[in-house]
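Build out the structure end to end from the sequences listed, making use of the hints.
Number of protein chains: 2
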Amino acid sequence: MKVVALAGGVGGAKLAEGLANALPAGNLTIIVNTGDDFEHFGLHISPDLDTVCYTLAGFASPDAGWGRADETWAAMDNVGRLGGPIWFRLGDRDLGTHLERTRRLKEGQPLSDIVRDFSRLWGIQQLVLPMTDDPARTLVQTKDGDLAFQEYFVRRRCEPAVTGFKLEGGNSARPAPGVLEALARADQIVVCPSNPWVSIGPILSVPGIQSAIDPEKAVAVSPIIGGRAVRGPAAKMFAEMGFQPTAAAVARQYQRVVTHFVLDTEDSVLESEISNLGMQVLVTRTIMGGLPDRLRLAKSVLDFVGHHHP
Amino acid sequence: MKVVALAGGVGGAKLAEGLANALPAGNLTIIVNTGDDFEHFGLHISPDLDTVCYTLAGFASPDAGWGRADETWAAMDNVGRLGGPIWFRLGDRDLGTHLERTRRLKEGQPLSDIVRDFSRLWGIQQLVLPMTDDPARTLVQTKDGDLAFQEYFVRRRCEPAVTGFKLEGGNSARPAPGVLEALARADQIVVCPSNPWVSIGPILSVPGIQSAIDPEKAVAVSPIIGGRAVRGPAAKMFAEMGFQPTAAAVARQYQRVVTHFVLDTEDSVLESEISNLGMQVLVTRTIMGGLPDRLRLAKSVLDFVGHHHP
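If you read the sequences in order, they're chains A and B. Going by my numbering, the first sequence opens with residue 1, and the numbers climb by one from there. Going by my numbering, the second sequence opens with residue 1, and the numbers climb by one from there.
Since the hints were derived computationally from the structure, they do not count as laboratory data. The model shown is predicted, which means the values in this text are computed figures rather than measured ones. Just so you know, nobody snuck in bad clues.
Copies of one chain are not kept apart here, so a pair can be met inside one copy or by any two copies together.
In silico SDA-like links for lysine to any residue, alpha-carbon gap of 20 Å or less:
1) LYS106 to PHE88
2) LYS106 to GLU39
3) LYS166 to PHE38
4) LYS106 to GLY84
5) LYS166 to PRO207
6) LYS106 to LEU82
7) LYS106 to GLY80
Written out as structure tokens, the structure reads:
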């Protein structure tokens with residue numbers, strides 16, 4: 001069985017790790033948001049790709065949700081002493097990834113080639129693909145004006161009220177090689193519990209990707225539980241965009257993308273509301289701690305869709 | 001008394017440290033070669049500026065002659081694991097310098113402003129100036145073709161026989177702000193024991209610098225002792241360029257730049273040959289270990305020129 005997952009950062013990476021372990025090597029393709037990639041200190045940073053790869057490789061920081069475990073901070077300490085910006089913390093090991101990725105990009109190599117090689121060297125046995133090799137950057141439209149994603153997310157700590165989102169360069173972005181092929185042959189497509197506005201939205205905005213998803217085979221896992229995002233600003237964004245931040249609002253947002261929806265047990269009261277949208281609903285525990293949780297949820301999701309589309 | 005020193009990497013940095021300690025704060029300006037600056041991993045690297053600044057700040061690596069003491073290598077280890085180039089070793093602390101310098105250069109700030117700020121924050125009490133803020137890169141012409149300096153120096157380990165040198169972009173490079181002013185008001189100008197071809201040569205090739213040097217006030221310290229370079233490929237370069245690699249060859253190379261020359265006791269036999277070029281010659285011990293050696297040589301050099309031009 002071939003499965004494709006769409007993922008952003010931490011929540012997406014957790015379920016992606018569960019799926020990677022639930023499926024034979026080579027049966028999973030993870031399409032990762034690159035809308036919040038940015039240049040910092042002259043280096044190309046791909047936060048979501050790194051979170052997904054570090055998680056699959058087993059060396060993600062267990063606490064921070066970003067960066068690597070057993071990290072040191074000598075470079076950043078020196079940057080701080082020189083009066084430089086330290087709002088985006090780059091660890092020393094992590095810097096090696098940015099250095100080599102930047103070097104290869106400057107040689108003209110596509111990001112997808114670089115990610116494939118890095119993944120292999122890190123022992124990752126599933127395929128990780130950026131949504132696109134082209135520059136396409138999430139712009140958060142706020143009451144304080146348009147902000148680049150990291151500007152909004154890290155420097156402004158998600159404080160400005162959002163009024164909309166834009167994928168700059170999105171119109172001319174092409175899906176990375178392998179993305180449409182993986183979606184076309186997928187038996188199941190899993191929209192991971194990532195932020196619908198700034199993680200999954202950018203992936204779906206790359207021309208050709210959303211139309212390559214067969215909603216009958218697609219399932220989304222809600223990143224909002226009990227009216228709160230498990231992590232990050234998703235709930236705040238729903239509220240500022242005029243929607244009550246619930247799993248039902250997430251389901252409505254994905255109405256043309258998926259026909260299956262996974263709801264946390266805490267939100268079981270929303271089951272009929274989501275069913276009324278014409279979706280199959282699975283109610284299960286979706287909060288993920290370590291690998292056992294991730295694997296259990298991955299298997300539940302695969303069984304759920306497999307039951308309807310065997 | 002106002003003094004200007006011209007310096008490249010390790011040897012120059014040692015005498016510069018001696019001069020910095022021999023003179024009151026603010027009385028020394030060190031003009032540093034930037035001909036071997038290069039871009040690596042997207043970062044702007046200034047090897048000689050960093051060697052000089054790290055040495056003056058007291059945190060140069062005592063062994064390697066480049067980089068910082070108490071350095072860690074997490075970033076480079078990761079680059080190596082990813083199959084990237086590790087021939088130019090960037091330590092983790094050192095990376096902080098390159099990151100912040102690159103960030104500020106990309107904002108359009110001149111290198112000389114950045115160096116001035118870094119120096120101040122590192123507690124350096126003399127003025128360090130790049131020879132130019134403009135791109136001017138040393139090209140080593142060899143039997144294997146033209147090589148960028150680091151390509152020749154680090155990757156090829158100075159193996160290809162040199163046929164000449166070129167400062168690419170040199171014609172349109174302007175001396176960094178402060179360089180000509182410092183030379184104009186200098187009571188003494190010290191050409192440090194750096195490589196004449198690839199450290200001092202590029203500085204003198206920036207239009208306006210050589211003509212701002214009054215040879216009557218200028219002294220050079222030989223980087224070649226007993227027919228060998230104290231460090232690096234200077235002797236090999238002299239030989240390949242068709243000159244017997246001796247301190248006398250260095251003196252001839254500087255004949256239009258200085259009227260004073262400092263010779264190691266080991267080379268005292270060359271004293272009359274160099275005197276015959278019309279130069280005042282000081283014979284003294286020029287090999288420098290730690291700060292006491294550097295300070296002693298600095299004081300000898302200052303006294304020597306001061307004696308003739310009090």
